[in-house]
Amino acid sequence: MTYQVQNSSGRDQIWVPDMTLFSDTGVISKAGVGVPGRVNESIRALQGNPLLETQDEIIGDLRQGQEYARDGLAVWPVQNDRANEVSIFIAGLSGETAREFHPVTGEAIILRKSLHLKFMVDGDLEGRLATPAALMASEWVIR
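142 is the number that numbering that gives the first Met the number 0 gives the last residue of the sequence shown; the numbers go up by one with no jumps.
Honestly, the hints are just simulated from the structure, not real lab data.
Beta carbons: idealized from backbone N, C-alpha and C, even for Gly.
Be aware that one or more of the hints could be misleading.
[Unchecked claim] Below are the EDC-like pairs computed for lysine to aspartate or glutamate, each with C-alpha atoms no more than 16 Å apart in a straight line: (1) K29 x D17; (2) K112 x E95; (3) K112 x D17; (4) K117 x E138; (5) K29 x D11; (6) K117 x D23; (7) K112 x E138; (8) K29 x D55; (9) K117 x E84.
[Stated by the list, open to error] Simulated DEER-style distance windows between Cβ atoms: (10) D80 x P102: 32 to 40 Å; (11) Q65 x P102: 42 to 50 Å; (12) D11 x I42: 26 to 34 Å; (13) E106 x Y67: 33 to 41 Å; (14) T130 x D17: 22 to 30 Å; (15) P35 x R10: 35 to 43 Å; (16) P49 x I108: 40 to 48 Å; (17) I42 x A133: 15 to 23 Å; (18) P49 x I141: 35 to 43 Å; (19) T130 x A107: 40 to 48 Å.
Using the sequences and the hints, build the whole thing.
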C-alpha cells in the first residue's frame, strides 16, 4: 500500500508509522514485519516514485505543510491468499489516547486513536493483480 502523510497540526511532528492488517481469514500482521528488503525495492521500482520511502526509511521528522508531505510504502507478507476483506489500522496519526483497565487483571491499558480503513479484495490472487482493493469504509477508532 502506498500512502502520503502530511502534517497540518501547526507544529513539526515525528512520524513513526504503525500499521496493522486484520483479514477475514484471521491473519493479523504488522506492516514491514517479515518482508524482505528486495520486495520493497521491487515495489518501489514498479511505482516509479523516487520519493517513495519504505516503512523504516520514513520514520523521522514530519514538517508542517503540503510541501513537506512524504510518500510511504507499507507492505505485509501474504499469509493467506483467500481473504475477501481486510482492515488496516493506522496508529500515530493522532496523539489522542485513552486509559482503560483490563476487566480481569485490572492492569492499565493505553488505547490509541487509530484510522481504520476497511477494504474489499478479490478473493482470487490473480484477480488481485488486476483489480486494486476497494476502500469500503474509513473511520477513527480508539484501540
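Hint check:
In summary, the hint linking K29 to D17 is supported, as the alpha carbons are separated by about 8 Å, within the 16 Å threshold. Between the alpha carbons of K112 and E95 the distance comes to roughly 5 Å, so the proposed pair stays at or under 16 Å and holds. Proposed proximity of K112 and D17 is supported: the alpha carbons are some 12 Å apart, at most 16 Å. For the hint pairing K117 with E138, the CA-to-CA distance comes to about 9 Å; that is within 16 Å, so the pair holds.
Proximity of K29 to D11 is assessed by CA-CA distance (about 26 Å); at most 16 Å being required, the pair is judged violated. Restraint check for K117 and D23: satisfied, since their Cα atoms lie roughly 11 Å apart, inside the 16 Å limit. At most 16 Å may separate the alpha-carbon atoms for a hinted pair to count; K112 and E138 meet this at roughly 10 Å. For the hint pairing K29 with D55, the CA-to-CA distance comes to about 13 Å; that is within 16 Å, so the pair holds.
The straight-line distance between the Cα atoms of K117 and E84 is roughly 7 Å, inside the 16 Å bound, and the hint therefore holds. At about 36 Å, the CB distance of D80 to P102 agrees with the hint of 32 to 40 Å. Between Q65 and P102 the C-beta distance comes to about 44 Å, which sits within the given range of 42 to 50 Å. In this structure, D11 and I42 meet the distance hint of 26 to 34 Å, their C-beta atoms being roughly 28 Å apart.
For the pair E106 and Y67, the supplied restraint of 33 to 41 Å holds, since their beta-carbon distance comes to about 39 Å. A hinted range of 22 to 30 Å for the beta carbons of T130 and D17 is consistent with their spacing of about 28 Å. The given range of 35 to 43 Å is respected by P35 and R10, whose C-beta atoms sit roughly 36 Å from each other. Our hint of 40 to 48 Å for P49 and I108 holds, since their Cβ atoms are close to 41 Å apart.
Remark: the range hint 15 to 23 Å for I42 to A133 is upheld by a beta-carbon distance near 20 Å. For the hinted restraint 35 to 43 Å between P49 and I141, the CB-CB distance of approximately 37 Å keeps it satisfied. Here the CB-CB span from T130 to A107 is close to 44 Å, well matched to the stated 40 to 48 Å.
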